[in-house]
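All chains, full assembly: derive it from the sequences and hints.
If you read the protein sequences in the order shown, they are chains D and S. Heads up: the first sequence begins at 30 in our numbering, then just goes up one per residue. Heads up: the second sequence begins at 1048 in our numbering, then just goes up one per residue.
Because the hints were derived from the structure by calculation, they are not lab data. Glycine included, every Cβ here is placed at the ideal spot set by N, Cα and C. Any given hint could turn out to be false.
[As the list claims (entries may be wrong)] Distance condition first, Cα-Cα at most 25 angstroms in a straight line; then the derived DSS-like pairs of lysine-lysine: (1) D/K235 with S/K1647; (2) D/K179 with D/K161; (3) D/K455 with S/K1647; (4) S/K1412 with S/K1209.
[To be verified] Over the 10 angstroms line for every Cβ pair with chain S, so calculated as not near, a few chain D residues: (5) K245; (6) D445; (7) F528.
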Amino acid sequence: MSSMAVHSMWTTAAEPIAKIPAPHIEYTQLSPVLIVLGAAIVSVLVEAFVPRKGRYHSQVFLSVAALAAAFAAVVGLAAGGYGSTKAHIAAMGAIAVDGPALFLQGTIVLASIVAVFTFAERRLDPADHGHKVDSFAAEAAAVPGSDQEKAAVKAGFTTTEVFPLALFAIAGMLVFPAANDLLTLFVALEVFSLPLYLLCAVARRKRLMSQEAAVKYFLLGAFSSAFLLFGIALLYGYAGSVSYATIARVVDGSIGSVDPALADTMGNDALLLIGFAMVLMGLLFKVGAVPFHMWTPDVYQGAPTPVTGFMAAATKVAAFGALLRLLYVVLPGLTWDWRPVMWGVAIVTMLGGAVVAITQTDIKRLLAYSSIAHAGFLLAGVIAATPSGISSVLFYLGAYSFVTIGAFAVVTLVRDAGGEATHLSKWAGLGRRSPLVAAVFAVFLLAFAGIPLTSGFSGKFAVFKAAADGGAGALVVVGVISSAIAAFFYVRVIVLMFFSEPKADGPTVAVPSVLTSLTITAGVVVTLVLGVAPQYFLDLANQASVFVR
Amino acid sequence: MENLIALLIGAPLLGAAVLLLGGRRLDRTGHWLGTLLAAASFVIALVLFVDMLGKGAEDRALHQTLFTWIPVGTFQADMAFQLDQLSMTFVLLITGVGTLIHVYSIGYMEHDERRRRFFGYLNLFVAAMLLLVLADNYLLLYFGWEGVGLASYLLIGFWQHKPSAATAAKKAFIVNRVGDMGLSIAIMLMFTTFGTFAFGRVLEASDQASEGKLTAIGLMLLLAACGKSAQVPLQSWLGDAMEGPTPVSALIHAATMVTAGVYLIVRSADIFNAAPDAQLVVTVVGAVTLLFGAIVGCAKDDIKKALAGSTMSQIGYMILAAGLGPIGYVFAIMHLVTHGFFKAGLFLGAGSVMHGMNDEVDMRKYGGLRKYMPVTFVTFGLGYLAIIGFPGLSGFFSKDKIIEAAFAKGGTEGWILGAVTLLGAAITAYYMTRVMLMTFFGEKRWQPDAEGHEPHPHESPKSMVIPMILLAVGSVGGGAVFEFSGFVEWLEPVTGFEHGHAPISAAAVTAATVAVMVIGVGLAYLQYGRGPVPVVAPRGSLLTRAARRDLLQDDFNHAVFVTGGTHLTRSLVYVDHSLVDGVVNGTAAAVGGLSGRLRKLQNGYARTYAVSMFGGTAVLIAATLLMRAV
Chain D
30 MSSMAVHSMW
40 TTAAEPIAKI
50 PAPHIEYTQL
60 SPVLIVLGAA
70 IVSVLVEAFV
80 PRKGRYHSQV
90 FLSVAALAAA
100 FAAVVGLAAG
110 GYGSTKAHIA
120 AMGAIAVDGP
130 ALFLQGTIVL
140 ASIVAVFTFA
150 ERRLDPADHG
160 HKVDSFAAEA
170 AAVPGSDQEK
180 AAVKAGFTTT
190 EVFPLALFAI
200 AGMLVFPAAN
210 DLLTLFVALE
220 VFSLPLYLLC
230 AVARRKRLMS
240 QEAAVKYFLL
250 GAFSSAFLLF
260 GIALLYGYAG
270 SVSYATIARV
280 VDGSIGSVDP
290 ALADTMGNDA
300 LLLIGFAMVL
310 MGLLFKVGAV
320 PFHMWTPDVY
330 QGAPTPVTGF
340 MAAATKVAAF
350 GALLRLLYVV
360 LPGLTWDWRP
370 VMWGVAIVTM
380 LGGAVVAITQ
390 TDIKRLLAYS
400 SIAHAGFLLA
410 GVIAATPSGI
420 SSVLFYLGAY
430 SFVTIGAFAV
440 VTLVRDAGGE
450 ATHLSKWAGL
460 GRRSPLVAAV
470 FAVFLLAFAG
480 IPLTSGFSGK
490 FAVFKAAADG
500 GAGALVVVGV
510 ISSAIAAFFY
520 VRVIVLMFFS
530 EPKADGPTVA
540 VPSVLTSLTI
550 TAGVVVTLVL
560 GVAPQYFLDL
570 ANQASVFVR
Chain S
1048 MENLIALLIG
1058 APLLGAAVLL
1068 LGGRRLDRTG
1078 HWLGTLLAAA
1088 SFVIALVLFV
1098 DMLGKGAEDR
1108 ALHQTLFTWI
1118 PVGTFQADMA
1128 FQLDQLSMTF
1138 VLLITGVGTL
1148 IHVYSIGYME
1158 HDERRRRFFG
1168 YLNLFVAAML
1178 LLVLADNYLL
1188 LYFGWEGVGL
1198 ASYLLIGFWQ
1208 HKPSAATAAK
1218 KAFIVNRVGD
1228 MGLSIAIMLM
1238 FTTFGTFAFG
1248 RVLEASDQAS
1258 EGKLTAIGLM
1268 LLLAACGKSA
1278 QVPLQSWLGD
1288 AMEGPTPVSA
1298 LIHAATMVTA
1308 GVYLIVRSAD
1318 IFNAAPDAQL
1328 VVTVVGAVTL
1338 LFGAIVGCAK
1348 DDIKKALAGS
1358 TMSQIGYMIL
1368 AAGLGPIGYV
1378 FAIMHLVTHG
1388 FFKAGLFLGA
1398 GSVMHGMNDE
1408 VDMRKYGGLR
1418 KYMPVTFVTF
1428 GLGYLAIIGF
1438 PGLSGFFSKD
1448 KIIEAAFAKG
1458 GTEGWILGAV
1468 TLLGAAITAY
1478 YMTRVMLMTF
1488 FGEKRWQPDA
1498 EGHEPHPHES
1508 PKSMVIPMIL
1518 LAVGSVGGGA
1528 VFEFSGFVEW
1538 LEPVTGFEHG
1548 HAPISAAAVT
1558 AATVAVMVIG
1568 VGLAYLQYGR
1578 GPVPVVAPRG
1588 SLLTRAARRD
1598 LLQDDFNHAV
1608 FVTGGTHLTR
1618 SLVYVDHSLV
1628 DGVVNGTAAA
1638 VGGLSGRLRK
1648 LQNGYARTYA
1658 VSMFGGTAVL
1668 IAATLLMRAV
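If you want it as structure tokens, here you go:
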């Protein structure tokens, strides 16, 4: 740094500052986030002050009510034109209120509501010591197998903390796709990641596996956060700002004046490209793209299944939202740099997910690899770099999240003495014993495979069409080949369920309460409606596909 | 008035629905209902006919649109009917002869326990056939076309307990599918060429399309006609179709359905007029078939198969006439109607004979029946005289006109076609005289059947005899009525008409026709009338033996299509098993193997995962920088 620059800094600092402007926050426009965040805090207070007996019901009520209110707020904002004409950047440039943000927030909130239903399910296992049990450990802090744990079980403790944790995570996810500067992005990432790490650790059965999953997720998540943060620092060095709009303008050259303090680094393309690659890596980690996907199978398998469903759906929606905004708002001037790289990532993700899924023997791991393949399909839509690419990804995310939560909800129903019977061999002949459950699961599998008349087909078609129109025909070819490979293992499960002899010691299908039934019903209904009559929702996604800059 | 058109079809359709869905409670009355509804359709046809006669020649066509059948973009098909003079002629023939045959069937099928179903199928046939001739566009015609195909299939195989009948039905259906494919291709070509398949618009625009396209459409329509009308090369099913009950043979496989091909060609006159190459092929097909059928008819000892050969041959005349263009269309239809009368009458007569002879069909086991069934003898005899073209009877007028028109074609073609039609007339006289002599004259040759029942030939009941008499009246008078009542002027507005100019005078043609007829009759008399007819057929010449096997049509089809098709499918299956499955299974195995290897990377250690992420990021950064560099 030259002496001139140092001097100027001194003089700037020495000048009297006339007035610090009070931050101007548009509370109404941020209401979806604020409602969920507020409810999360109240929920913590419930843990602290409501007697143990009343906590479960208070928490479930509070969570569902808060999410319903948040959804109403999203709808209200969209109806008020904030998704289109009044779209703008709120909270001093930190948060965008626009079509994609509202669409994704709506999707996240809806998916969260049905996910919370599965959190609250207490009918699947018989009562333990006279206390109803859910999917979560009696006392997560107790060492597995210890006397303390046994005492907690006997006393009928339940980990109702999952509700405030989920609410915090949801709040972070709501901010993530709306974040309009890199710091907000990072904060939102951590706000939703940290509760998820914890949620992964609190399974009631197979506790060691659950804790292992949580530790892995945490370690790798922290690792990727470090990359992301480093990337943010580099981008700041490049643009002199963390604001998306400013970075975009530096990239396209409309801001040329160099901040003297950053004279050496600003405008240095190496910083831009390396920083971009690192931020990208942080987001690709969250969406589970190859080669940043390796946490996915272990964590999906180890986490309590309701949490897996929630994570697989809502996290993916939030992360893809953030990815879209980053690529379309911050780096449109860099399209020719990021597209080839993303091509590569999409191809290995589609093929990797589909190929490795073939040899899986555990239904949860199978679904994990399936989610990786689907991340690849979504990336194909992202790469289209056209408005129809945005809308197709939005539609796909909405369709996919309900199929996923529904599928994992069905997984919670198939049980044997050791809890959920997730090994595929146990699913043989399920169609003979429980035709309804098997049929519902078959619907979800067909949707994953992208068979017409299911939402999976509409979504995949929209994404591939956008990609082909956007000049990524080769990517579509790879996508279709991957779909064909993926169809194999989805159909294999259907064959297993319907055309194999049931085993004598096979699992039983638990009769769920109305909560899980609602979740599964919602999944089936959305899957079929979006498959048979997708036009309204495609139009909605189309209208919501313009980012505010 | 046009609102009656739908009723024409509706009446028999209702009959079919009621009889087929009504169940056993209709077993006792069903045949009356079926006959009544066919008659009702005939009455409606008469009302429409009288109304039509009262109008000027150009205003006679009626149209009725019920609803839009298939609206898909520019593809518009209406459920719409058109009743003009051509359709009217067919409607009268179908409902008139149809009603008579319903009446006949009451007696003929009296002892059949599935008689209700039989009448249901007959009604279904009448409805479909009416739809075929009343449709105002090719797609709806196709619907009727398939409908009569279905009814034909159901009725040929009506005695499905006989394997031969079931096989014959299947054969008729499959051979007809080949023709149907032609019709569907023709309709597709029309849609791509004209953007429509309504008669009016296609035929009006037909002079604007290229001749190549019109020839293609014409040939495809001819293929369709060959299938439905049993013309060479799709003729093989008609002989076997005689497995059906005789009233079916009379109505469907003589008088009406098999003439649908002639209707199709005459209806598409404008297309053929603009495609002379297609027309030439039509005449060739007609000429070949007329000789083919006649030769087969000479050798058959089964009375119905002999008549079937004759049908094929007579339709050959019609197709030939239709291929001659405006000089022939009217006569094709005229022969079609007179043939409808006398051939239906001949079949009903054959049915009557079989009825009296314990269902024996071998003419070598008949003989001298004129004494036992006099009415059958007289009506059959009148039909016989009509078909051989005895002067004054119906066949004489219509056939003579076709022979004249064939000569009028002009040039070498005209001479060849004229000679073929004359030769056909001689053979017709020969084989029909043979049938007549073997059945009604000579010594009685019948023997007890396998169970020892001696046949007791007797005249058939009234319900069978009366239709035969009425048809005989038509066979006698039909030609003269047409000749002197202005049939040509009646049809001309629809089909067009030109006077042909034959290189030889009409009188000479007529004289030649009568002469060859006399020669044919004389030859047959020399062979079958003077001495006893052997009960066991003599070995015969090579041609006779080939003709008994239908001129080897089935051997040819078997060798070329069945064997060839089997080989083709076998080799395709082989390719599928070895090559396609090999590639598919190989790919699957390769993917599975890859999957198994990649899976090992997922070893459960967070450190490995972290390395993967680190490496991935490094590649990401390198690739991004590289992209900028290049």
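Practice problem: Output the numbers, in ascending order, of every earlier hint that fails for this structure. | Solution: Violated: hint 5 alone.
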